[in-house]
Amino acid sequence: MYETNYHRASSVEEAVRLLAGAEDGKFLGGGQTLIPTMKQRLASPSDLVDLGGIAAMKGISDEGGAIRIGAGTPHYDVATSDIVRNRIPGLASLAAGIGDPAVRHMGTIGGSIANNDPAADYPSALMALGATVVTSKRELAAEDFFQGMFDTALDEDEIVTAVIFPVPEKSAYAKYPNPASRYAMAGVFVAKTGGMVRVAATGAGQNGVFRIAEMESALAANWSPSAVAGVTVDADELLSDIHGSAEYRANLVTVMAKRAVAAAG
Amino acid sequence: MTQVAMTLNGKKVSANVEDRTLLVHYIREAQGLTGTHVGCDTSQCGACVVHVNGRAVKSCTMLAVQAAGAEVMTVEGLANGPELHPVQAAFREHHGLQCGFCTPGMIMTAVDMIRRHNGVLDEDTIRHELEGNICRCTGYHNIVKAIKAAADQMVAMRTAAE
Ligand SMILES: Cc1cc2nc3c(=O)[nH]c(=O)nc-3n(C[C@H](O)[C@H](O)[C@H](O)COP(=O)(O)OP(=O)(O)OC[C@H]3O[C@@H](n4cnc5c(N)ncnc54)[C@H](O)[C@@H]3O)c2cc1C
Ligand code: FES
Ligand code: FES
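From first to last, the protein sequence lines stand for chains A and B.
Numbering-wise (the working numbering), the first sequence opens with residue 1 and increments by one.
Numbering-wise (the working numbering), the second sequence opens with residue 266 and increments by one.
It is worth saying that the hints were derived from the structure and are not from the lab.
Any given hint could be a false lead.
What the hints assert, rightly or not - Mimicking EDC-like on lysine to aspartate or glutamate, the simulated pairs with C-alpha atoms at most 16 Å apart in a straight line are: (1) A:Lys137 x A:Glu156; (2) A:Lys26 x B:Asp284; (3) B:Lys410 x B:Glu388; (4) A:Lys39 x B:Glu283; (5) A:Lys39 x B:Asp306; (6) B:Lys276 x B:Glu358; (7) A:Lys39 x B:Asp284; (8) A:Lys137 x A:Asp117; (9) A:Lys26 x A:Glu14; (10) A:Lys137 x A:Glu169; (11) A:Lys26 x A:Glu3; (12) A:Lys26 x A:Asp155.
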């Protein structure tokens, strides 16, 4: 790892100020992506502004029709929160399947979505649940926040402070993990609220997370695994790498969608 | 350089280190506790697991400065004098190690998982919980047996005490 200067912020405003004063600074969330990247010398920020000490960015609250999760909340806390488990079980089980226990103790929802790895789990939940991303500058619909592989609408000096998830009637996530990294080879999140169904897939798309309109309308008409069994996504739009071809991933997306609908009940 | 102070295995310690120093290097090199190992470059093997404020974390994926002011526990902090921690004793009893390289991380992960599950663990859960710990020798079977035995014993001790 190259040299860097560490700063610990105690408020969002202080973090923004500290970053403004740095030559080429970066925010540090749980460090579970940024530190490995720095160790590989693929990133070399002159300064790190640690968001981990900002109390206002942590915690989970039930706001009636929606649940608010502070961006600094670790995956473990989301996975074990009674509020999330009771109201959005698909989101709790998604968080429980990220990486391994030690990664879940440190990694945060804000860091995961800011990074927008095409194989990360959370982006699918934000898209399928129609979540709102709250930042230090504005509020953004998930759809406008994710902009492609490792790309988001965030400015360099913008901090994700919270994510607001509307509570659905039913939700579930099914993931086929890469056996080595545990990241998604394909992961599908399904959510149903009244006649409205949203389906989002991660791990598979060349441009990161995407919604599957054909599955959404099929499930709105008939909420059952068989409704999506015959729907396949176009392999031309999917990732192909040493872990699996685009055709293989296209098949996985359909299988994961069926499993997610079955799990949601 | 930054003066980084923390509580390590119950003792207040401090050292002047570069901001880029990883917690594992602070523990091994600045504090001389070499029980915590480095087994990979990619945050995947778990040989470096320690507890920070009571939670298992990979000390190769955290800066020492991030742990400033924290309570850190390593494998050296588990035993009570000459008396091994029940998880350590179970690893010996059930032959849960061969070369021993992964063992400190396995044991710290096991202590953390037993605490989180209140000692109630079946084999499937233990295997799932070991997702982040790699062992190249044992084939995991005896590690799982050791953790199960320690968890059962800790529950029995708790019940006896009540
Ligand atoms: C072994 C291993 C396995 C993993 N498996 C999975 C998996 O199965 N699924 C999965 O989804 N992920 C997985 N991850 C990644 C993990 O979920 C990370 O925690 C996550 O991607 C990044 O979150 P973080 O809080 O650690 O962010 P950091 O690593 O600290 O930061 C990541 C990026 O986001 C920026 N950032 C952080 N917080 C904010 C914020 N609040 N506002 C704006 N920018 C911010 C940083 O500047 C940096 O660019 C794994 C990681 C490891 C090491
Ligand atoms: S050395 Fe920390 S995970 Fe391998
Ligand atoms: S005992 Fe050798 S790596 Fe596990």
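- Item | Hints that the structure is at odds with (numbers, increasing) | Hint check: 6, 8 and 10 fail, others pass.
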